[in-house]
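Protein chains: 2
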Amino acid sequence: MSEEILMEDILRANEEIAALNRSLLDGSRTFAVNLMSSPGAGKTSLILETIKRLGGRVKIGVIEGDVASDLDARKVGECGVPVHQINTKGDCHLDARMLNAALRTFPLSQISLLLIENVGNLICPAEFKLGEHRKVLVSSVPEGDDKPYKYPLMFSEVDVVVLNKIDLLPYMDFDFERFRRGVEGLNSRAKIFKVSCRTGEGMEAWIDWILGELEGFERELERKGEGGG
Amino acid sequence: MSEEILMEDILRANEEIAALNRSLLDGSRTFAVNLMSSPGAGKTSLILETIKRLGGRVKIGVIEGDVASDLDARKVGECGVPVHQINTKGDCHLDARMLNAALRTFPLSQISLLLIENVGNLICPAEFKLGEHRKVLVSSVPEGDDKPYKYPLMFSEVDVVVLNKIDLLPYMDFDFERFRRGVEGLNSRAKIFKVSCRTGEGMEAWIDWILGELEGFERELERKGEGGG
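Just so you know, the sequences run in chain order A and B. If you count the first sequence from 1, you need to add 1233 to reach our numbering. If you count the second sequence from 1, you need to add 1233 to reach our numbering.
Hints listed in this document are in silico derivations from the structure and should not be mistaken for laboratory results. Note that the coordinates shown come from a computational prediction; the quantities given were computed from them, not determined experimentally. Be a bit skeptical, because a hint or two may be false.
Here are a few chain A residues that sit away from chain B, every Cβ distance over 12 Å (derived from the structure) [said to hold, decoys possible]:
(1) Ser1261
(2) Arg1262
(3) Pro1315
(4) Ala1335
(5) Thr1338
(6) Pro1340
(7) Asp1400
(8) Met1405
(9) Arg1422
(10) Gly1435
(11) Ala1438
(12) Ile1440
Examples of chain A residues toward chain B, derived with CB under 8 Å [what the hints assert, rightly or not]:
(13) Gly1273
(14) Leu1304
(15) Gly1323
(16) Cys1325
(17) Asn1354
(18) Tyr1382
(19) Tyr1384
(20) Leu1401
Ideal Cβ positions, reconstructed from N, Cα and C, are used throughout, including at glycine.
Kindly generate the complete structure, drawing on both the sequences and the hints.
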C-alpha cells in the first residue's frame, strides 16, 4: 500500500512539472512530440527521416532519452539540428523533471518542432507526462500484431500509432487487421500510419500530419494571444 | 535520495524471497530459466519451439508474466504442458514475490525444467532476481545491432543471449560482429546462440545447451545431497 501511495505522489509531482514544461514550450511557440516505443522499433529512424523531409521548412530540435550511451544523439547531431542527450542513468523512462532540466539549456526560441525520443520501453513511459503536446507510439511489424492486446496502457495513451518496418510484411506473419482492431478497441481517437523508414514508404502521411498539427498549434496560440510574436 | 533508499529496500526484500524460491526449486529438482526480452523479440516462440523439441524427453512447465492478457499462456497451454499466468497488473517486471505465489500453486515435483517468461521489457526485469538458475535474454535482429550498447545492464546480467529472427538478416542492416563485440564487452561469460524460431535454424545448439545445463544441475544436486530422490 505504501508503494502505491508513493507512486501516486511521484505521478502527481510529475504532472505539476509537466504543466510547467507545457508553459515553457507554449511560451516559445514550440510544439513538442513525445516518441515512445519498444527498443529498436525505429524512433531514431523516424526522427532522422522527419528531419530529412521537414528540416528545410521547419526548425526542428531533438531531445534524446537513453538509459546509457549517446549513439542516437550523435546520429541526429550529424543532421545539423540542435540535439540534447538526457542520460537517465538506468531509469526506465523520461519524466517531466528530466525534460525540464533539458528545456532550460535548449535554444527553444529557435525551435518550432521539438521531437523527444523517450527511453525504449513499452510500459513505464506511458505513465509519465512530460508536458508534450502529442504522444506518438512507434510500433513495428516484427514485434507482432498482438502488441495492443499485451501492452494496453501505452496504446490507450497515445494520439498516433506509427507502424514502422512495413517493408518486412512479406517475410512475417503480421495480421494488420488484428493490429488495427486492437488499437481501435483501446483508443478510438488514435491515428495509425503505416511506414517504412527504410524505404520511405508511407512517410508523406506522417509528415502531413505533423504539418497539420503545427498549423493547429499556431492557430491555437494566436487564439489564446500567447507566445509573444 | 529517499527514492533510492526505498529502491534498495525493495531490491533487498526481493533477494530474500528469491533465495526462498531457489530453495523451493532445488527441493523439487526443478531447473528454472528466466527468459527476458524487449516486447516481441520471441520469448513465447522460443518456449514453444523448446517444448516441441524437448517435451517428449523433459518434463517442462511454463510460467507466463504479462502486464495484461493471457494470450501467451493460452498458446503454451495448447502444447499440453502445465502453464501458470502471472498478471502483473501493470507492473513492468516479474519479482520474486510474484514467482513465489506462482510456485506454491504449481505442480513443481512433476517438472524438471521451468521456463519463466518475464514481462517484455529490456530494462526493469534485469534488476529483479527471481531465484532462477539461469537468465536468458532473447534479442532479435530487427531490434538492431546496437542494443548491447544502449541497454547494458540487461546484457551484463544474463548467462545466455539468444539472437532470434536470423531469417530476417538478408532484409536488414544488422552487423553481427558489432552485436557480438557489444555483448562480449559487457559480459565475457555469456554464450550467444543465433536462431530463427520461425525456420528452426540454430535451435539444436540452444537445445543442447539446455540439456547440458539440466545434467549439470542434477549432478550438482547429487553432490549436495539435496532434492530427496
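- Far enough from chain B: is every CB of that chain over 12 Å from the CB of Arg1422 (chain A)? holds, 20 Å
- Message: Just want to verify: Asp1400 (chain A) was marked as not at the interface with chain B; is every Cβ pair farther apart than 12 Å?
- Response: violated, 7 Å
- Message: If we take the beta carbon of Ala1335 (chain A), is the closest beta carbon in chain B still more than 12 Å away?
- Response: holds, 19 Å
- Item | Non-interface claim for Thr1338 (chain A) versus chain B (Cβ beyond 12 Å) | The claim stands: Thr1338 (chain A) keeps its Cβ more than 12 Å from every Cβ of chain B (closest is about 23 Å).
- Message: Verify this label for me: Pro1340 (chain A) is non-interface relative to chain B, using a Cβ-Cβ cutoff of 12 Å.
- Response: At about 26 Å from chain B, Pro1340 (chain A) clears the 12 Å cut-off, so the statement holds.
- Does Gly1435 (chain A) really sit off the interface, with its C-beta more than 12 Å from all C-beta atoms of chain B? About 17 Å separates Gly1435 (chain A) from the closest Cβ of chain B, which puts it past 12 Å; holds.
- Task: Would you check whether the claim that Ile1440 (chain A) is not at the interface survives, using Cβ distances to chain B and the 12 Å cut-off?
- Result: holds, 23 Å
- Regarding the hint that Gly1273 (chain A) lies at the interface with chain B, is the smallest CB-CB distance below 8 Å? Result: holds, 3 Å to nearest chain B Cβ.
- Can we trust that Pro1315 (chain A) is non-interface, i.e. its beta-carbon lies farther than 12 Å from all of chain B? Answer for Pro1315 (chain A): holds, closest chain B Cβ roughly 22 Å.
- With a cut-off of 8 Å on the beta carbons, see whether Leu1304 (chain A) makes it to chain B. Interface hint status for Leu1304 (chain A): holds (6 Å vs cutoff 8 Å).
- Report holds if the minimum CB distance from Met1405 (chain A) to chain B is greater than 12 Å, and violated otherwise. The claim is violated: Met1405 (chain A) sits with its nearest Cβ about 8 Å from chain B, within 12 Å.
- Tell me if Tyr1384 (chain A) is really an interface residue toward chain B, meaning its C-beta lies closer than 8 Å to one of theirs. Nearest chain B Cβ about 6 Å off; hint holds.
Taken one by one, the earlier hints fail for this structure at numbers 7, 8, listed in ascending order.
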